[in-house]
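Chains as they are written, first to last, in my numbering: chain A, 17 to 333; chain B, 6 to 497; chain C, 230 to 429.
Hints are supplied without guarantee of correctness; some may be wrong.
Here are the simulated lysine-lysine pairs, DSBU-like style, with alpha carbons at most 35 Å apart [what the hints assert, rightly or not]:
hint: 1; chain 1: C; residue 1: Lys310; chain 2: A; residue 2: Lys177
hint: 2; chain 1: C; residue 1: Lys397; chain 2: C; residue 2: Lys407
hint: 3; chain 1: A; residue 1: Lys291; chain 2: A; residue 2: Lys245
hint: 4; chain 1: A; residue 1: Lys287; chain 2: A; residue 2: Lys258
hint: 5; chain 1: A; residue 1: Lys169; chain 2: C; residue 2: Lys397
hint: 6; chain 1: B; residue 1: Lys316; chain 2: B; residue 2: Lys440
hint: 7; chain 1: B; residue 1: Lys440; chain 2: A; residue 2: Lys287
hint: 8; chain 1: B; residue 1: Lys440; chain 2: A; residue 2: Lys258
hint: 9; chain 1: A; residue 1: Lys245; chain 2: B; residue 2: Lys440
Hint data in this document are derived by calculation from the structure and do not stem from the laboratory.
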Amino acid sequence: MNYGPLVFLAAFFALASSWCGFVLTPQLQIGRLQQTNTVGSAAATYPVARPGLARQGLEVYRANGCAYCHSQQVGQTGTLLDIALTDAGTNETTTIAALLKLADASANHPGVLTALPPWGGSRSNASTTALLGELPRAFLRSSTREAANAAVKTLNSTSAKAQLWIVPVGPDLARGWGRRRTVAEDFLFDSPVMPGSQRVGPDLTNVGMRQPDANWHLLHLYAPQAQVKGSTMPPYRFLFEKRRIRFQPSPEALMLPPELAPPAGYEIVPKPAAKALAAYLVNLRADAPLYTAPLTVPAAPAASTPTNAATATASAK
Amino acid sequence: MSVISSPSQPSAAGPADTAPALVAPAAIDLSCRLPLVVLFLSAAVWLLVASAFGLVASIKFHAPGFLADSAWLTYGRVRPAGVNSMLYGFCLQAGLGVALWMLARLGRTTLAAPWLVIVGALCWNLGVAAGVLGILRGGSTGFENLEMPGYAVSLVFLACLMMVFWGVLTFHQRRERQLYVSQWFLFAALFWFPWIYSTANLLLQGFHVRGVAQAVIAWWYSDNLLVVWLGLVGLATVLYFVPKLTSRDLHSRYLALLAFWMLILFGSWSGIPANAPVPAWMPALSVVATVLGVIPVIAVALNVHWTLEGKCSKLLGHPSLRFIGFGLVAFIVAGLASAATALPAVNQITQFTWFIPARGLLNSYGFFAMVIFGAIYYIVPQLIGQEFPFPKLVRAHFWTAAAGVLLFVVPLAIRGIAQGLRLQHADVAFADIAKGTLPFLRASTTGDLLMALGHLMFLANLCGLVFQFYRARAVSAWAEATAELKTAEARS
Amino acid sequence: MSPELRPSLPLTAEAPEPRAGIAAVPVWLIILLSLFLYWGMVYFDQHSGWFSPEVYAPYRSTAELALYQPPTGGIDLSRGKAVYENICGLCHGNDGAGKPGQAPAFANSEWALGTPNRMIRIPIVGLAGPVQVAGQQWNLAMPAMGAALPDDDLAAVLTYIRQSWGNKASAVTPEQVKAVRAEVGNRTQPWTAEQLNAIQ
Numbered sequence: 017m018n019y020g021p022l023v024f025l026a027a028f029f030a031l032a033s034s035w036c037g038f039v040l041t042p043q044l045q046i047g048r049l050q051q052t053n054t055v056g057s058a059a060a061t062y063p064v065a066r067p068g069l070a071r072q073g074l075e076v077y078r079a080n081g082c083a084y085c086h087s088q089q090v091g092q093t094g095t096l097l098d099i100a101l102t103d104a105g106t107n108e109t110t111t112i113a114a115l116l117k118l119a120d121a122s123a124n125h126p127g128v129l130t131a132l133p134p135w136g137g138s139r140s141n142a143s144t145t146a147l148l149g150e151l152p153r154a155f156l157r158s159s160t161r162e163a164a165n166a167a168v169k170t171l172n173s174t175s176a177k178a179q180l181w182i183v184p185v186g187p188d189l190a191r192g193w194g195r196r197r198t199v200a201e202d203f204l205f206d207s208p209v210m211p212g213s214q215r216v217g218p219d220l221t222n223v224g225m226r227q228p229d230a231n232w233h234l235l236h237l238y239a240p241q242a243q244v245k246g247s248t249m250p251p252y253r254f255l256f257e258k259r260r261i262r263f264q265p266s267p268e269a270l271m272l273p274p275e276l277a278p279p280a281g282y283e284i285v286p287k288p289a290a291k292a293l294a295a296y297l298v299n300l301r302a303d304a305p306l307y308t309a310p311l312t313v314p315a316a317p318a319a320s321t322p323t324n325a326a327t328a329t330a331s332a333k
Numbered sequence: 006m007s008v009i010s011s012p013s014q015p016s017a018a019g020p021a022d023t024a025p026a027l028v029a030p031a032a033i034d035l036s037c038r039l040p041l042v043v044l045f046l047s048a049a050v051w052l053l054v055a056s057a058f059g060l061v062a063s064i065k066f067h068a069p070g071f072l073a074d075s076a077w078l079t080y081g082r083v084r085p086a087g088v089n090s091m092l093y094g095f096c097l098q099a100g101l102g103v104a105l106w107m108l109a110r111l112g113r114t115t116l117a118a119p120w121l122v123i124v125g126a127l128c129w130n131l132g133v134a135a136g137v138l139g140i141l142r143g144g145s146t147g148f149e150n151l152e153m154p155g156y157a158v159s160l161v162f163l164a165c166l167m168m169v170f171w172g173v174l175t176f177h178q179r180r181e182r183q184l185y186v187s188q189w190f191l192f193a194a195l196f197w198f199p200w201i202y203s204t205a206n207l208l209l210q211g212f213h214v215r216g217v218a219q220a221v222i223a224w225w226y227s228d229n230l231l232v233v234w235l236g237l238v239g240l241a242t243v244l245y246f247v248p249k250l251t252s253r254d255l256h257s258r259y260l261a262l263l264a265f266w267m268l269i270l271f272g273s274w275s276g277i278p279a280n281a282p283v284p285a286w287m288p289a290l291s292v293v294a295t296v297l298g299v300i301p302v303i304a305v306a307l308n309v310h311w312t313l314e315g316k317c318s319k320l321l322g323h324p325s326l327r328f329i330g331f332g333l334v335a336f337i338v339a340g341l342a343s344a345a346t347a348l349p350a351v352n353q354i355t356q357f358t359w360f361i362p363a364r365g366l367l368n369s370y371g372f373f374a375m376v377i378f379g380a381i382y383y384i385v386p387q388l389i390g391q392e393f394p395f396p397k398l399v400r401a402h403f404w405t406a407a408a409g410v411l412l413f414v415v416p417l418a419i420r421g422i423a424q425g426l427r428l429q430h431a432d433v434a435f436a437d438i439a440k441g442t443l444p445f446l447r448a449s450t451t452g453d454l455l456m457a458l459g460h461l462m463f464l465a466n467l468c469g470l471v472f473q474f475y476r477a478r479a480v481s482a483w484a485e486a487t488a489e490l491k492t493a494e495a496r497s
Numbered sequence: 230m231s232p233e234l235r236p237s238l239p240l241t242a243e244a245p246e247p248r249a250g251i252a253a254v255p256v257w258l259i260i261l262l263s264l265f266l267y268w269g270m271v272y273f274d275q276h277s278g279w280f281s282p283e284v285y286a287p288y289r290s291t292a293e294l295a296l297y298q299p300p301t302g303g304i305d306l307s308r309g310k311a312v313y314e315n316i317c318g319l320c321h322g323n324d325g326a327g328k329p330g331q332a333p334a335f336a337n338s339e340w341a342l343g344t345p346n347r348m349i350r351i352p353i354v355g356l357a358g359p360v361q362v363a364g365q366q367w368n369l370a371m372p373a374m375g376a377a378l379p380d381d382d383l384a385a386v387l388t389y390i391r392q393s394w395g396n397k398a399s400a401v402t403p404e405q406v407k408a409v410r411a412e413v414g415n416r417t418q419p420w421t422a423e424q425l426n427a428i429q
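With the hints as constraints, model all of the structure from the sequences given.
This is the structure we're talking about:
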């Protein structure tokens with residue numbers, strides 16, 4: 017019996033099945049995605065197309081193989097719910113009593129309900145009242161929906177107004193690499209899509225949030241070891257040119273430390289490719305709340321003193 | 006005398022034979038000689054090129070400023086250039102060569118249209134050269150294992166069609182109708198590559214699917230190339246040479262059939278990483294498929310173990326078998342490692358660390374390249390009809406290659422796991438984690454050096470044998486021609 | 230003498246081509262395969278979200294994903310529902326499905342799901358002339374039903390429309406309504422679809 021056609025059919029079927037599964041179906045499902053709306057209190061279209069210089073920067077990123085050391089995808093291992101107060105209510109005593117009741121509950125069920133800093137379940141009336149003056153603020157964190165709903169109900173039964181805030185968690189997010197996981201919409205306008213498979217260097221999904229200054233990126237590209245000690249990132253000096261200062265220094269000239277500065281009379285100026293790449297890096301953010309990756313972006317609480325403001329923004333993360 | 010025009014010479018003489026007579030191995034080797042010599046020599050050269058790129062990339066970790074002032078030699082271009090040279094220049098070319106030879110031998114028929122295969126090989130080399138130069142110029146596509154720009158892809162695809170078509174024709178014209186297990190693997194591999202290569206390049210460079218679907222297709226292609234195609238050709242080679250060189254029958258064709266089916270089914274579905282930015286069903290399917298990929302690994306291991314009747318020391322007998330035995334062990338370890346790290350909880354630790362390239366190299370080099378070395382060390386002397394000029398270098402190559410692979414893979418894998426474990430804790434600074442990987446990178450650079458040394462030995466042996474043979478032919482042809490001239494002069 | 234068919238080599242005599250035996254596959258391997266397949270099915274059931282394009286890990290189903298959506302910012306949907314049924318439902322239907330010849334549907338309407346800047350303008354001043362809604366052509370005139378509503382009520386009813394009957398869009402805040410009202414100013418002429426489409 018001629019088994020040749022049978023072998024062919026077997027292999028054809030196997031490859032056709034995986035082609036349907038990982039080429040055809042993704043194209044049908046996510047290959048025709050459109051812009052979507054963010055969820056939560058502020059309405060916005062997401063994503064917006066990158067500005068022109070940033071799109072050119074994407075080409076520079078691709079041509080120089082930045083994706084071999086930097087990933088652009090952030091993961092999430094779970095979601096927690098923060099119980100936040102948006103309004104302290106007319107009777108602060110009852111509100112504080114409810115909070116203390118929840119603090120007891122959190123002490124009894126440490127895995128399910130935890131009191132968040134700076135409140136931390138403290139029994140001191142004075143510090144709690146002070147914090148009630150800086151709302152909206154999250155007081156407790158819950159890992160289950162039931163406990164969170166019960167806590168919100170307890171607080172809402174007083175005159176205060178409580179809300180649930182969605183908080184994605186995971187090692188990447190804890191490291192500050194993002195506020196939520198990356199999803200398909202984050203790559204909608206990019207071509208090619210380079211999520212990367214190695215983290216020799218840090219993840220770049222939200223680098224525009226961490227380092228919004230293009231000059232930082234230009235300096236980093238020129239001399240990575242000057243910015244990050246012991247970095248193995250190669251210097252990209254070919255993206256810059258050293259030229260003689262004419263009449264006066266160019267506003268784009270890099271401000272380099274003395275050991276890296278060019279000789280007197282010369283300046284280091286970024287070439288268009290470097291400027292484009294810096295514009296692209298500054299444009300990288302993926303923290304808008306979406307239906308597929310929900311999170312609450314809380315408004316910063318009103319700060320009464322500068323130190324409180326620092327702790328407030330720290331706890332609002 | 007031309008190799009190409011000699012007709013196949015049937016060895017079976019019976020006049021009452023109704024089945025087509027089987028061709029003698031010597032005649033088959035004759036038809037295969039020039040195409041395979043071209044393929045294997047070019048593959049060996051590309052291997053050296055890949056080693057050079059790999060070494061440059063490795064050194065850059067220890068001295069970031071090394072060759073950093075040239076845009077063509079920045080790490081982000083040298084690394085894909087090296088990977089593409091290795092995959093397309095060596096793995097695919099040498100793999101196709103070995104596949105064509107095995108199909109011809111197992112079908113007891115000569116290679117169909119050898120000169121077209123030679124043209125295909127030359128076209129392939131042109132395409133890969135254009136592709137690698139394109140990557141160095143900055144024309145990389147941005148997709149891993151698919152970086153070659155469009156003009157190179159067209160050349161490579163055309164060349165691949167040429168070689169694949171004649172391979173299929175060789176299979177079709179087989180005179181031995183009973184199929185051996187390796188033929189299933191090879192026949193599937195022959196049309197697997199054109200399909201995945203054309204689909205991936207059309208959709209990623211031609212028609213541009215939108216958004217993260219590009220990444221899904223790129224992952225699908227990478228997996229089908231590295232797990233399925235290399236697996237098919239590599240396992241075909243293992244299942245051919247182990248029984249042949251130990252003079253035993255393969256233990257079970259049914260186990261091999263199981264391995265074949267499971268490899269092509271589960272292997273082709275296992276590409277999407279577990280924490281990818283795509284809807285959850287895609288990584289879920291891949292996780293299941295990767296874990297199920299343990300089954301073909303076990304099936305092949307059992308088959309070989311029982312073929313040898315447990316006496317694995319037989320693998321040390323023939324120099325080729327040493328390479329093939331090492332490759333088989335690497336295949337088993339890489340397969341088990343893939344399955345173990347597929348689940349999201351474990352994947353969370355190994356993802357984005359040095360564990361991934363370590364496991365990748367164990368599969369593509371530790372398994373596939375070593376098996377191919379073993380095959381080439383057997384095939385080329387058969388084709389040429391002479392032993393290698395430096396037989397001791399064959400053993401030396403094995404030991405340097407084995408040491409190189411171990412030195413590269415083991416430290417990187419260990420460090421990758423440690424890196425991943427530290428990355429789970431946000432209070433450990435990223436810079437500290439990166440610094441901690443450096444001593445292990447030194448070990449892997451040494452591994453790179455050893456592998457490069459092995460490649461030099463390989464090329465030296467191949468070149469030596471081929472040039473020795475063709476020089477002898479040229480000398481004798483010249484002697485014949487001048488002898489005729491002299492007798493003609495003497496008569497006149 | 231042709232040098233090609235050089236007879237056998239100083240190598241050992243070549244071994245014949247291999248053959249395959251017919252031993253059976255061990256049963257335990259088949260059982261192992263079945264166990265793995267079973268595990269695979271269970272894993273897929275639990276982790277895949279059953280092919281939904283919206284479910285990303287760590288969420289496991291569309292139901293779980295819906296539970297974790299952030300609150301809408303404190304606007305009371307029940308208030309919006311009351312206003313809707315009083316004023317808008319008469320023409321657009323209490324089920325948001327519209328009434329043929331009277332008013333288009335709100336469910337899956339791109340005008341309701343799009344940017345609030347367009348949606349808020351419609352009840353303030355009205356909409357007349359040809360307009361396409363969810364693939365259907367309409368050519369009627371809507372009066373300025375929301376002109377008399379205070380900002381809070383208008384925000385509540387628009388939020389209710391954007392989050393009911395399968396619509397999933399963001400809430401509309403009273404501040405947004407106030408801002409749009411300030412931009413619109415004293416205009417009394419109803420919008421046309423082209424004018425609205427020009428607004429971002």
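Please verify whether Lys287 of chain A and Lys258 of chain A have alpha carbons no more than 35 Å apart.
holds, 10 Å
Are the Cα positions of Lys245 of chain A and Lys440 of chain B separated by 35 Å at most?
Between Lys245 of chain A and Lys440 of chain B the Cα gap is close to 10 Å, so the pair holds against 35 Å.
* For the pair supplied as a hint, Lys310 of chain C and Lys177 of chain A, confirm whether the alpha-carbon distance does not exceed 35 Å. => Holds - the C-alpha atoms of Lys177 of chain A and Lys310 of chain C are around 21 Å apart, at most 35 Å.
Are Lys440 of chain B and Lys258 of chain A close enough, with their CA atoms no more than 35 Å apart? holds, 31 Å
**Prompt:** Between Lys169 of chain A and Lys397 of chain C, does the CA-CA distance stay at or below 35 Å?
**Reply:** Between Lys169 of chain A and Lys397 of chain C the Cα gap is close to 25 Å, so the pair holds against 35 Å.
Please work out if Lys440 of chain B and Lys287 of chain A have their alpha carbons no farther apart than 35 Å.
-> Holds. Lys440 of chain B to Lys287 of chain A sits at ~31 Å (cutoff 35 Å).
Pair hint outcome, Lys316 of chain B versus Lys440 of chain B [Cα-Cα no greater than 35 Å]: This hinted pair is violated, its Cα atoms lying about 45 Å apart.
If you draw a straight line from the CA of Lys397 of chain C to the CA of Lys407 of chain C, is it 35 Å or shorter? Since the Cα atoms of Lys397 of chain C and Lys407 of chain C sit roughly 23 Å apart, the hinted pair holds (cutoff 35 Å).
- Query: Are Lys291 of chain A and Lys245 of chain A close enough, with their CA atoms no more than 35 Å apart?
  - Reply: Answer holds: Lys291 of chain A to Lys245 of chain A is near 24 Å, not above 35 Å.
Hint violations for this structure: number 6 only, all remaining hints satisfied.
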